[in-house]
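Keeping their order, the protein sequence lines are chains A and B. The opening residue of the first sequence carries number 1 in full-length UniProt numbering; numbering runs sequentially from there. The opening residue of the second sequence carries number 1 in full-length UniProt numbering; numbering runs sequentially from there.
No wet-lab data here; the hints were simulated from the structure. A hint or two may mislead.
[Claimed, not checked] As a list, the in silico DSS-like pairs of lysine-lysine whose alpha-carbon atoms are at most 30 Å apart:
id	chain 1	residue 1	chain 2	residue 2
1	A	Lys28	A	Lys208
2	A	Lys28	A	Lys169
3	B	Lys15	A	Lys117
4	A	Lys194	A	Lys218
5	A	Lys124	A	Lys106
6	A	Lys124	B	Lys15
7	A	Lys124	B	Lys317
8	A	Lys218	A	Lys208
9	B	Lys317	A	Lys106
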Amino acid sequence: MLKVEHLTKMFGGLAAVNDVSVEFEAGKINAIIGPNGAGKSTFFNLISGMHQPTSGRILLDGADVTQMPSDQVARLGVGRTFQTTNLFEQATVVDNLIVGHRLRTKSGLWDVLINSKRLQREEKAARDKAMEALDFVGLTHVAGQFIADITQEERKRVAFALALATDPKIVLLDEPAAGVNPEETEGFAALMRKMVDNGLTVCLIEHKMDMIMSLADKIMVLDHGEKIAEGTPEEVRNNPVVIEAYLGGEDDVAA
Amino acid sequence: MLFKLGSLLMKPGAKMAMLAFALVFPFLASNEYQVYVMASAFVWAIAVYGLNIITGYCGQLNLAHGGFFAIGAYTLGLLTADAGWSFWPAFVAALLVTAALGFLVGVVSLRLKEHYFAIFTLCVGFIIYLLIDKWEELTHGPIGVRDIAAPYGFGVVDFTETTPFYYLVLAFLVFSIWFMSRLSRSLLGRTFIAIRNGDELAQSLGINLMRNKVMAFVLSTTYAGLAGALYAGMVRFIGPEEANIVHTFDMITYLLVGGIGTLTGPLLGTVGIVWITQSLQFLEEYRMIIFGPLLVILVIFFPRGITGQFLTWMHHKAQSIAPANKRKESKVVNTQRREVENNA
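Please work from the sequences and hints to get the whole structure.
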């Protein structure tokens with residue numbers, strides 16, 4: 001599905017991501033964990049085309065997407081969410097979601113001017129897609145509410161729905177359960193399982209270990225930009241290198 | 001339950017009432033001067049609709065807007081007064097010139113983001129002013145352009161008269177608003193709003209930033225050019241002051257007061273402020289003492305202007321009738337729960 005080969009990103013003299021190779025399988029939940037500043041978000045930004053890597057290759061279903069800008073990567077089926085999502089607060093949830101399907105439509109300025117059949121058809125498709133995505137994340141009841149009036153948890157679900165409306169093959173979720181309570185965290189875990197059950201591939205960054213250990217099929221551990229471990233939750237949990245990275249070596253303890 | 005944003009304020013009834021008022025206004029006005037003021041307010045409103053595309057919907061603060069207004073005015077002025085063109089061909093040329101220059105400036109300036117873009121366009125606006133003021137061979141410099149042709153009415157109407165010109169401007173305004181209403185509800189308008197929400201988010205949704213920003217910019221400069229050309233045809237004498245940055249800030253004020261990123265905002269803001277300014281003429285420059293605090297209060301308490309506030313209010317009214325009350329209660333419980341956890 002997604003194959004990364006020797007991926008490196010230098011910021012000045014600092015290697016934010018250093019020679020990382022990994023393969024994410026289709027239909028699985030893949031987690032990336034690691035201490036703060038380990039390069040997890042940079043890794044996401046490289047895959048989604050937001051940053052161009054210094055070296056290495058990224059292959060999506062065998063196609064080389066290494067140098068592709070992010071809007072093209074999105075069109076190839078990579079959806080993503082951010083830690084915070086800025087939405088149009090004074091517009092309804094569904095109005096915010098309609099644009100999610102824009103990348104699958106072609107209408108331009110001329111279609112707007114003459115209100116073409118194509119535009120009408122595509123707008124209906126985009127609206128249907130928005131409702132479908134909203135139904136998937138279980139928010140049909142707030143479709144007509146303003147973003148400003150829904151809860152924090154609902155906002156996170158709307159961000160999921162927005163990524164889903166792009167018809168992705170793989171979704172990159174950046175800390176989907178940050179800032180929500182344990183009960184709601186369980187809800188997000190269920191939502192991710194539902195995504196996989198529906199044929200999606202999920203790749204997430206997360207700090208909540210309980211959630212990761214029970215949810216992920218495969219975990220990659222990053223530390224200082226390098227991959228230090230990879231495997232099932234069980235393998236990662238018992239890996240001494242991982243334990244040291246998390247609990248700190250002797251040097252770090254002093255700090 | 002689902003409703004299109006703006007449909008409440010822009011119910012067919014409200015729309016028709018506004019149009020009817022605009023149509024009979026020349027008969028209600030007590031003198032020709034009032035008709036002239038209204039016509040000039042409409043001209044500015046067209047320009048503000050343009051600013052609303054790039055700044056209101058697409059979120060890029062463009063401070064060269066007054067400059068493009070002046071380019072539209074000068075293109076029409078110079079082509080008719082110096083090159084001997086008649087009005088309508090020069091009018092079309094003015095639109096094409098502002099669109100083409102908008103494309104060139106947009107391609108360069110939109111590489112910058114946020115306040116860098118604003119500062120860059122501020123400079124572009126000032127360069128336009130300097131070019132008009134100093135390039136005397138082309139623009140006559142500070143003397144300005146005289147004897148600009150008025151639009152000819154193909155033998156049917158005489159647009160040198162104030163009232164026929166008023167209707168001409170009204171027709172262009174109605175067309176401008178009509179197109180805006182189409183645009184703002186379309187996938188293209190939603191694309192612009194997605195860019196306003198954030199570059200990165202928009203890109204992650206597969207939106208090509210540069211292409212869409214440039215399109216919004218060219219649309220906005222074309223609107224400015226249209227307004228500028230109409231202005232030149234109305235006053236028939238223009239000078240470098242048309243490119244003064246003050247006009248850009250005036251337009252931003254109209255936009256903020258009326259409601260940035262809304263469909264009715266530019267019209268309400270422009271017409272409202274133009275008339276308030278007129279009625280405060282006796283205060284001369286001191287009228288800013290009234291405008292200044294008014295604007296500050298408005299921006300603090302109603303950041304989306306009169307229209308934005310009205311829409312939010314209507315939405316909440318509609319929601320409270322629906323069985324949303326129940327939801328609100330559970331929301332309160334949720335918030336309380338979260339607070340407890342945060343404290344823990």
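Here is what the structure says about each hint:
| no. | hint | in the structure |
| --- | --- | --- |
| 1 | Lys28(A) / Lys208(A) | holds, 19 Å |
| 2 | Lys28(A) / Lys169(A) | holds, 12 Å |
| 3 | Lys15(B) / Lys117(A) | holds, 25 Å |
| 4 | Lys194(A) / Lys218(A) | holds, 17 Å |
| 5 | Lys124(A) / Lys106(A) | holds, 13 Å |
| 6 | Lys124(A) / Lys15(B) | holds, 25 Å |
| 7 | Lys124(A) / Lys317(B) | holds, 27 Å |
| 8 | Lys218(A) / Lys208(A) | holds, 15 Å |
| 9 | Lys317(B) / Lys106(A) | violated, 37 Å |
The structure does not agree with numbered hint 9 stated previously, though it agrees with all others.
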